[in-house]
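Chains as they are written, first to last, in the numbering used here: chain A, 1 to 396; chain B, 1001 to 1290.
The hints are simulated quantities; they were obtained by calculation from the structure and are not laboratory data. Being a predicted model, the structure only gives us computed values, none of them experimental. A hint or two may mislead.
Computed cross-link-like contacts, DSSO-like style, restricted to lysine-lysine with a CA-CA straight-line distance of at most 27 Å [as the list claims (entries may be wrong)]:
id	chain 1	residue 1	chain 2	residue 2
1	A	K380	B	K1143
2	A	K46	B	K1226
3	A	K237	B	K1127
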Amino acid sequence: MRVATTYAGAEPLAKPFTKVLNEFQRDYPNIKLIHEATPGFDHQTKIKLDALSDRLPDVFTFWRLDPSYGLDQIAEAGRLADLTAWSQNDPFFKGLFDDSSWDTATRKGVVYGIPAQMFYIWLLVNRKILDRAKVPVPTTWDELVAAGPRLRAAGEIPWSINNGNDSMAARVYNYVMSRCLGNERAVRIHGGLEPADSPDMIRASTLVQQLLGGNIPSDGITLSSDLVYAKYTNTEKAAFLIDASFRLFEIDPKIAGDLQVLNFPAIPDGVQHDFRVERDLTSLWYASSKQYADAARRPYIQEFIRRMTNRQTARYFTETAKVQMPQLDLEVDPAAVGQLSVETLKAALAAPGNKWVPKLMKPAQRTRYEPLMSEFIEGKYTPQEYVAKFAEIMRS
Amino acid sequence: MGSLKFRWEVVLYIIPALLLYGIFFVLPFAQTIFFSFTSWNFFGHPAFVGLANYARLFTDGVYMAGLYRIGLWAVLAIVFKVGIALVLASLLRGKLRGRGFFETAFFIPVVISSAAISLLFTLLYDKDAGLINEVLRGVGLGKLATSWLSNSHTALFAVIAVPIWHTIGYFFVILLAAMHGVSPDLYDAAKIDGARGFRLFRSITVPSIMPALQVCIVLAISGALKSFDYVFVMTRGGPGTATQVPATWMYQTIFGSLEFGYGTAIATSIFLIGLCATLATRKVMAPSSY
Chain A
1 MRVATTYAGA EPLAKPFTKV LNEFQRDYPN IKLIHEATPG FDHQTKIKLD
51 ALSDRLPDVF TFWRLDPSYG LDQIAEAGRL ADLTAWSQND PFFKGLFDDS
101 SWDTATRKGV VYGIPAQMFY IWLLVNRKIL DRAKVPVPTT WDELVAAGPR
151 LRAAGEIPWS INNGNDSMAA RVYNYVMSRC LGNERAVRIH GGLEPADSPD
201 MIRASTLVQQ LLGGNIPSDG ITLSSDLVYA KYTNTEKAAF LIDASFRLFE
251 IDPKIAGDLQ VLNFPAIPDG VQHDFRVERD LTSLWYASSK QYADAARRPY
301 IQEFIRRMTN RQTARYFTET AKVQMPQLDL EVDPAAVGQL SVETLKAALA
351 APGNKWVPKL MKPAQRTRYE PLMSEFIEGK YTPQEYVAKF AEIMRS
Chain B
1001 MGSLKFRWEV VLYIIPALLL YGIFFVLPFA QTIFFSFTSW NFFGHPAFVG
1051 LANYARLFTD GVYMAGLYRI GLWAVLAIVF KVGIALVLAS LLRGKLRGRG
1101 FFETAFFIPV VISSAAISLL FTLLYDKDAG LINEVLRGVG LGKLATSWLS
1151 NSHTALFAVI AVPIWHTIGY FFVILLAAMH GVSPDLYDAA KIDGARGFRL
1201 FRSITVPSIM PALQVCIVLA ISGALKSFDY VFVMTRGGPG TATQVPATWM
1251 YQTIFGSLEF GYGTAIATSI FLIGLCATLA TRKVMAPSSY
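Produce the entire structure from the sequences given, and follow the hints as far as they go.
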């Protein structure tokens, strides 16, 4: 049975996953498990190539069914197993995940995935750096914007973020868009379902540039996320940090005490006033339709997925790898996951979730959109120019 | 003296190699050309679109800018890669103490993988901890220190410099071998006529090694056209699209955008441009030209 995941190398889930995998192998010696581990986004390429040659692994993890990841097209081609009947009839799933998770796992009424891992976006500030620069912890949008120039004037770097493809800067962009336009409208605009060239988009883009322009490291546009943590976050050279929960482990525990959770403030005249956090599933378990159709294989595929998604494994993954699992009523040991994880998760679950803004964007649009957004944040375009170019991409 | 006669039995001996060549080159190549005339997202049946993908190349700003970049890359590769290799080979042509050491030293980078070299230079180019900026600051040129790979004005040149440094040794070896094949009598005769130094180099060495030079120039051009690994590892086409070249754009188009048809049209265009450049180089550097 072929199992493909991103749990390779230094990935935090690599060791705990391998342990659970080995337990499955031990319990089912008649099955030979082959783990195909491909790190990061290369896994997307691998799965697409496997799908192209009609040899998808029996079971694999992948991102959501959002169009920008391309898995929806694999589902359209009938290569993903329909898990609807199983997910609805198996008592194992009763009360395990919330409706939002099942909604993400479903496309056009068909359940294709079983929730594997969730994420939320956190915003932190290093109080030590603010104290050094004599800048108060911002609680409003205006204070957050004003903090940037004040930190720069004091010789500090305001934001510890990168600005390439799928970057931390994009997370700030998504927040501003959702706050200004409302999350649903922001998602529709960035999915080409609503015209992009509007005064509201220009205003929201202006606010992004006000917040980040000149306030991120000069090499941020080409730094990978782990280098941002190594160079700026863990060396306490930059004040504000924003990223997804699956990167919390990158923060050096020694500086955790200096960090404070911030709620992303509401933007004056913005549509979204209540506190919201971007959160959703980040990965799900999928199965090959060809392998799942094999009556002899199906029970093992199902049992494997049960092993990977039961509360015991979820707790083990959370406490060992410091990742967030989507199972309801999951009791984890706070000491094992760390105070930052507890606090940021508490903040995330206290609020309704925003969906990822480029959720509905097509892959071809996303390939052009991300470099454009990077260049805009770097200051290459005015907000008007950015929106005009963005609208052109959305029309294509 | 016998004469060469074609014997059909010979074909039997080359069939295995031809089969491999056919399966792993000719067939994929033909498939690439076929798909370049279609619109296909990996699934379902490819839809024939004629020359639409090729027409799109001319309106694709990222692709056209990428063409300019690889043109610049090719020129810089010829000037610096071939040029420096030529000078080094000329310096080491004669009996020089420690020649073996220098030959080895120049060639060592060639055996290291391009991905490893690219990762190494990513660190060297780092704005804060990179050796290049440290040296600049150390010699009082700190104003020149910058984020080499993040600055859109320097990123492309920073990337191009890497394969030039990486493969100079390869061209050096080719040119040195060619120079060793030049008869010393030619130099003796030229010296009798009063030629010295650069005149010897220009009038004897360069014309004598012209076939090898031609090979090096063609390799430099094709290397520039195919460049993928250095860009992919160091910048992935960024900052923005400042270092995006057709090969990396092709990769993103196929595996990111799932536009297999258009991506293969980019691939075919790279092949056609390379073919034209090679033929043009051979024509310009044909013996009657100099």
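Problem set entry | Agreement of A/K380 and B/K1143 with the hint, judged by alpha carbon distance not exceeding 27 Å | 22 Å, holds
Exercise. Keeping to a limit of 27 Å between CA atoms, is the pair of A/K237 and B/K1127 held or broken?
Worked result: Roughly 14 Å separates the two Cα atoms, so the pair holds.
Exercise. Taken at face value, is the distance from the CA of B/K1226 to the CA of A/K46 at most 27 Å?
Worked result: This hinted pair holds, its Cα atoms lying about 22 Å apart.
Checked against the numbered hints given earlier, the structure satisfies every one of them.
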